[in-house]
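**Q** Spelled out from the first residue to the last, the chains are:
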Amino acid sequence: NAGVMQNPRHLVRRRGQEARLRCSPMKGHSHVYWYRQLPEEGLKFMVYLQKENIIDESGMPKERFSAEFPKEGPSILRIQQVVRGDSAAYFCASSPIPTDSGNTIYFGEGSWLTVV
Amino acid sequence: KNQVEQSPQSLIILEGKNCTLQCNYTVSPFSNLRWYKQDTGRGPVSLTIMTFSENTKSNGRYTATLDADTKQSSLHITASQLSDSASYICVVSFTGTASKLTFGTGTRLQVTL
Numbered sequence: 001n002a003g004v005m006q007n008p009r010h011l012v013r014r015r016g017q018e019a020r021l022r023c024s025p026m027k028g029h030s031h032v033y034w035y036r037q038l039p040e041e042g043l044k045f046m047v048y049l050q051k052e053n054i055i056d057e058s059g060m061p062k063e064r065f066s067a068e069f070p071k072e073g074p075s076i077l078r079i080q081q082v083v084r085g086d087s088a089a090y091f092c093a094s095s096p097i098p099t100d101s102g103n104t105i106y107f108g109e110g111s112w113l114t115v116v
Numbered sequence: 001k002n003q004v005e006q007s008p009q010s011l012i013i014l015e016g017k018n019c020t021l022q023c024n025y026t027v028s029p030f031s032n033l034r035w036y037k038q039d040t041g042r043g044p045v046s047l048t049i050m051t052f053s054e055n056t057k058s059n060g061r062y063t064a065t066l067d068a069d070t071k072q073s074s075l076h077i078t079a080s081q082l083s084d085s086a087s088y089i090c091v092v093s094f095t096g097t098a099s100k101l102t103f104g105t106g107t108r109l110q111v112t113l
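Chains A and B supply the protein sequences, listed in that same order. Counted from 1, the first sequence has number 54 at position 54 by the numbering used here; the numbering is strictly sequential. Counted from 1, the second sequence has number 13 at position 13 by the numbering used here; the numbering is strictly sequential.
Be a bit skeptical, because a hint or two may be false.
Simulated crosslink set (BS3-like; lysine-lysine; CA at most 25 Å straight-line) [what the hints assert, rightly or not]:
(1) K44(A) <-> K71(B)
(2) K100(B) <-> K27(A)
(3) K51(A) <-> K62(A)
Computed far set for chain B versus chain A, every beta-carbon distance over 10 Å [to be verified]:
(4) V4
(5) T26
(6) S28
(7) A79
(8) K100
(9) L101
(10) L113
In case anyone wonders, no lab produced these hints; they're calculated from the structure. Every residue, glycine too, gets a C-beta built ideally from N, C-alpha and C.
Please model the entire structure based on the sequences and the hints provided.
**A** Take a look at the structure:
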């Protein structure tokens with residue numbers, strides 16, 4: 001049973017380009033979460049999705065960021081017109097049920113975005 | 001504002017020694033508290049999960065304690081190994097919020113010979 005798969009692991013974009021980060025949850029998991037980790041900071045919640053639905057996007061910046069989790073295929077975190085401040089590690093996590101049930105959630109290895 | 005604070009920020013210990021990491025939180029209402037280990041350049045890996053009714057939880061050489069009255073938790077590592085070198089992150093979940101985990105900034109542990 002493969003873990004949470006994220007790709008690409010490392011991505012370099014020039015300012016103004018678009019970044020697309022992909023996440024395939026663990027098999028059987030329908031809850032997906034995206035977190036961002038800035039250098040020397042803790043992980044910060046961005047968005048929580050279930051298949052085809054955004055459940056909570058209160059941590060997402062209002063502009064340039066979007067996320068989806070289609071019926072088929074991986075979850076995508078999309079960042080348009082990237083700026084240097086978007087440089088961070090983006091982690092995806094998944095769980096079979098919501099996190100406040102006390103269950104373990106599983107993290108991927110992260111996607112490191114560098115904006116030059 | 002819900003917060004999770006950890007101490008110390010960093011710690012260096014000799015292989016074979018024990019250590020204790022601290023976590024204070026102000027998250028309310030509280031659902032559960034987790035400790036994660038994060039190796040450099042990797043994703044966090046779960047060590048323990050405790051609900052408000054649990055006082056202690058062990059996972060091998062890792063033992064977490066929780067005092068819900070004082071809103072404090074600790075992670076004790078016994079007989080440390082070089083492979084324990086990592087960041088240890090305390091994470092708290094609110095009751096009734098299916099999504100938000102509040103992460104501390106972690107304690108960076110280095111185990112040396």
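**Q** Hint by hint, note whether the structure agrees.
**A** Going through the hints against the structure:
| no. | hint | result |
| --- | --- | --- |
| 1 | K44(A) <-> K71(B) | holds (21 Å) |
| 2 | K100(B) <-> K27(A) | holds (22 Å) |
| 3 | K51(A) <-> K62(A) | holds (22 Å) |
| 4 | V4 | violated (8 Å) |
| 5 | T26 | holds (15 Å) |
| 6 | S28 | holds (14 Å) |
| 7 | A79 | holds (25 Å) |
| 8 | K100 | violated (5 Å) |
| 9 | L101 | violated (6 Å) |
| 10 | L113 | holds (27 Å) |
Checked against the numbered hints above, the structure violates hints 4, 8 and 9; every other hint is satisfied.
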